[in-house]
Amino acid sequence: MSKASTTGTAWSLDPDRALPAEPRQRDIARAVYRATAELPIVSMHGHVAVEAILDNQSFGDPAELFVIPDHYLVRMLVSQGYSPADLGVPAVDASGTASETDHRKIWRLFCENWKLFRGTPTRYWIEHALIDVFGVTHVPSSEHADEIYDHLLATLALPEFHIRSLFDRFNIEILSTTDAPESDLAAHAALAADGWGERVVPTFRPDALFYPHHATWRDGIGRLSARSGIEITGYESYLDALRKRRFAFAEAGARASDHGHLLADTTPLAAADAGRIFDAARRGQISQGESHAFAANMLFETARMSLDDGLVMQLHPGVLRNHSDANFTAFGADTGFDIPIPIEFTRSLRPLLEEFGLDPRFRMILFTIDEDVYSRELAPLAGVYPSVRLGAPWWFLDSPGGMARFRDLVTETAGFYNTSGFVDDTRAFASIPARHDLARRVDAGYLAKLVAEHRLGLDEAVETAIDLAYNLPLQSYARRDS
Amino acid sequence: MSKASTTGTAWSLDPDRALPAEPRQRDIARAVYRATAELPIVSMHGHVAVEAILDNQSFGDPAELFVIPDHYLVRMLVSQGYSPADLGVPAVDASGTASETDHRKIWRLFCENWKLFRGTPTRYWIEHALIDVFGVTHVPSSEHADEIYDHLLATLALPEFHIRSLFDRFNIEILSTTDAPESDLAAHAALAADGWGERVVPTFRPDALFYPHHATWRDGIGRLSARSGIEITGYESYLDALRKRRFAFAEAGARASDHGHLLADTTPLAAADAGRIFDAARRGQISQGESHAFAANMLFETARMSLDDGLVMQLHPGVLRNHSDANFTAFGADTGFDIPIPIEFTRSLRPLLEEFGLDPRFRMILFTIDEDVYSRELAPLAGVYPSVRLGAPWWFLDSPGGMARFRDLVTETAGFYNTSGFVDDTRAFASIPARHDLARRVDAGYLAKLVAEHRLGLDEAVETAIDLAYNLPLQSYARRDS
Amino acid sequence: MSKASTTGTAWSLDPDRALPAEPRQRDIARAVYRATAELPIVSMHGHVAVEAILDNQSFGDPAELFVIPDHYLVRMLVSQGYSPADLGVPAVDASGTASETDHRKIWRLFCENWKLFRGTPTRYWIEHALIDVFGVTHVPSSEHADEIYDHLLATLALPEFHIRSLFDRFNIEILSTTDAPESDLAAHAALAADGWGERVVPTFRPDALFYPHHATWRDGIGRLSARSGIEITGYESYLDALRKRRFAFAEAGARASDHGHLLADTTPLAAADAGRIFDAARRGQISQGESHAFAANMLFETARMSLDDGLVMQLHPGVLRNHSDANFTAFGADTGFDIPIPIEFTRSLRPLLEEFGLDPRFRMILFTIDEDVYSRELAPLAGVYPSVRLGAPWWFLDSPGGMARFRDLVTETAGFYNTSGFVDDTRAFASIPARHDLARRVDAGYLAKLVAEHRLGLDEAVETAIDLAYNLPLQSYARRDS
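From first to last, the protein sequence lines are chains A, B and C. Using our numbering, you'd call the opening residue of the first sequence number 1 and step up by one each time. Using our numbering, you'd call the opening residue of the second sequence number 1 and step up by one each time. Using our numbering, you'd call the opening residue of the third sequence number 1 and step up by one each time.
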């Protein structure tokens, strides 16, 4: 909380923030949280650019760090009538829309609209980063916008605020990036040569190669062919090339593959049918329905491949991307217009789980932004299939209320030990500590309730909290052949 | 709470009712609530009959005020085995079912069954109205039914309990009624002549003209034609007539149109297709499927029309009306047998939002009684489209728990400032203060939790509460050309 | 809570367990709970074997009592990589899988994995049974596994721990078993002869005869024919045989029928169509679609039959059984692989409720494990149809959080008096007191919140709690002709 907002004294973070308000539970939660507060950060799923780490980049100016690339923040201002262009988001179309280039002006606009973020996790993360990481002492406002801007600009230029220094300061033990199958992984190799090979690992993200109706698919196949050194002449060589790249990723330290599909469907195709769709797609003759069927088949094939290379399979379906074509045409993807749809897992995952669900070599981590499936489908599935773990609340749900509802709706059926521990899923590097700290606080609060209601011992709660914050993510994302 | 029920002293409302029980949060909530408790009531969506206000009607007797017209109350007694006829609901069929005409007897039956309402908002509203508005001092019961009846009968006859006096006493700044497109708006004109033109405004509710398979549709088109003075010969002149009536409503002070559809579908039709359906419907040759397609198209056209006349567009889909044909045949609509169905917004609204969602002249307010869409669809949509605001929890959800869940599930993604503020949606005039007061208490409780968990400053909470109770409904329902 | 786990003193149950943590609400909840804690148990829906009661069986050894037959417990250990065979679940296939036969070893495995159950109702129930029923003084662990095993083995052998003694000690007033239509009800008759006829009653569960595509259907029809003494030559005589068996069940004391369907569909078939499907099924020529249509029709026919014999109709749809074929083939049904699917009631029940929903002779109790329908569909339906009552949270939802959410999501629309009171739905006899006690505690907590927020009087809360724990289950399951 901004104490300055009520008292005029220096802006600061309350040590009890996001813990339960009720005194008895807060006391217990404090004790539980204390046991996890200083644990290293295990960040197994995120979108930090590996090159930024390799080059030990500075974060530029405040607008570049906090506003322009953050779709949470952009969308909230767009929802109140600003254009992405006002916020410096570059136009991608040929319309010649001029985006704001005065970054101080963008920062002012953000500061003036600070109140819009009340009650949101964006507010919570940015508050944490501004105060705790960058030493800002004023609440964002019209009055203080420039002063904060100048302070941040000076701070961000200091070597100790470049990314590798913050990596150390944040106590990040391991961080996974997200990488295309055709990536040369050169940055990862260079980091490894620097001794950072265990600290920064790649993740295999092949979505663009799994949906053949996407405009970029054919070029992607070409790049995959080139990178793998396998001439892709059809479906079988396509599978071979993917297999080869997965092994390359595993050798480069990858723990997992990652799959963001529209649906959770995992129905396999007969090889002949998959081959026919593949060939038609290369000729540009494919329907959306065939493309989705092909993508479902590829989830099935991914599970099969993972038996050999041990990569953990992450699946997070249920988002309709780029809901507004007009915004997409003007400003491109990842600008806030991705909207969830209802999702179904029980029947959709059945083909895959029938085949691989009981196999000790297989590990799957499931994410959702449709909360309706927590108690109905995800917890019962994770509560019986040894291969299934539930990922942390994700995207819109990575928030105090979202995390509390996750524990409430999942724990009684799946327990704690079928969950993956926390996953931050962020491209905003400076917010990583805030996100992990918040998850530890919310979990401490949930465990404190169990203790206060005499449903768990305090020693058990402390052990569980440590497992959720540290041991479970390491274990859940351990390569299955390791 | 009825203190009389435990101690025998006078029945009274506890000043802390519906605030959080935990002392720390209650203290904060009290401070927040104090800032909104006396604010004027802004009632932008309701079903009070404009003629009742024009004529400054009395509310009749207790059964006429509280029981017979209130479908919440009727349905609860029906659920325990009483017939609507026992409650004085008039039969509409030719079966000759005799409805109870002894209103004292109806009142007794209600009082005897007071316990059925435990834990419901009906109980909360009626308690507030009986105690605070009408000065009743006994809990409803067999024992006190007659005494309360007599007290209410005498009170309701007093001039200071006629509707305009209560309107002043309730501190209602503005109230929207709901009106058919073919309404002559004469009562609104007469009120305006009385100086009440800014206090009571109409709302354009064209549902009956949008579903061509309904039995009343053709007559409605006839009335629309007559009232608009436009001869309706086909789809284009039908649109013209609607357009003209919308402008008449806007001139009469209307802020909004209101749409209660079965589905949220907004897919437009080619004009030729819409025309063909329209013509077929006038010949009585239309399928249900065509009718729903036509209604979806009319939502799209409504958005287009609103760019010109500035009316805010309210949409509340998802209720299957008259679930029991037997009850509908005997007692007609609005007697408690309307049951929600699952609803979908992300894909359904896409056509409309593609076309109008980024237009600053467009404003849409969305309601649901399927809570599953709060965090999955509604908050993400409102959290990015500048045209979209989320209406208050509605119908079954207009309750302490319902409102708490709304804030919990919506705020972290949409913030507070993409919600519309409170909407009471009632035809029960005497319950209006209770409903607004309850919403202010529940919002105070939610904000108090944020403050107690150090996620918001107290000054911010107070400002937000005032916005939710007063400023946001005024702003959300401001005509877009105003 | 296991106090031993934190302090080393004797393991014990805290008297305030599962009551609200906040002191003010806990005080009120204590007062409410005190009024119900000692009430007799009314157990109207369960899966205890009637023969076990007739024979006054012992529960064998600890693995036989707690581990092998409990699919909640088995599935949690399977989810962490153990095979059902490790837990002594017998293989049903011809593969010759050897299941563990050393029950002490099975018990040790369970004790070593005690931590997996943190936060689950399984932990809560077993803790209650171990401490309160069997006097165990150590928390399950590797260290104490043998000691606990020996203690339980000795205890279970004592006559006062045989089932009839526990029945008395648990203060069970009435318990319903679940029985096939072709059951001879001989055990029930023998119990009646013993004077236990009012304490143990059968329930008519005809699912196996309603889905003609199931492999066992034809044999079932044969058994039904034999038991009823009616030669089943077609659909009409099939209905006659069912009708006759329902009367036999009613005469044997049955209060209800029970229906576990995949969907809630209740669409009736024309008799000719039902007859055609029936005849085709007898020839083995039936599709899944026809089978589901037949089952839906049979729900409709069940409602009709109940008008004559007064049996209450229980429906609990929405579970996809045996999600893993591999596990089903190896270990059979009820081993933890039943996973819920989304379910719909509003339209599905409409045909049945149209015909029978307002009939005072009809009573239906609805269960769900899809929580999404609580506020959207079930509460509105129960809040108006006099025939409908909502069953208690069931299966995965029979837990502190699940029960709290049920009250939160249902009460404001349906009130308390359209719910059935608690139903334990267990085959684990020793857990019956724990389950009922937990429900009484959670309801006390919910009611305490209403009192603390001044929405209900304490006297009303106490009366409501007693109704929920005792009167409502008796009334809801009273035969409608009684």
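A portion of the hints provided could be inaccurate.
[Stated by the list, open to error] Facing chain C, from chain B, some residues (calculated, C-beta under 8 Å):
no.: 1; residue: 19
no.: 2; residue: 22
no.: 3; residue: 79
no.: 4; residue: 81
no.: 5; residue: 124
no.: 6; residue: 307
no.: 7; residue: 372
no.: 8; residue: 480
[As the list claims (entries may be wrong)] Which stretches of chain C does chain B cover? Using the computed rule of at least three CB atoms under 8 Å from a CB of chain B, they are:
no.: 9; segment: 16–27
no.: 10; segment: 253–262
no.: 11; segment: 355–367
no.: 12; segment: 444–457
No wet-lab data here; the hints were simulated from the structure. Where is the CB? At the ideal position from N, CA and C, for every residue including glycine.
Numbers of unmet hints, in rising order: 6, 8, 10
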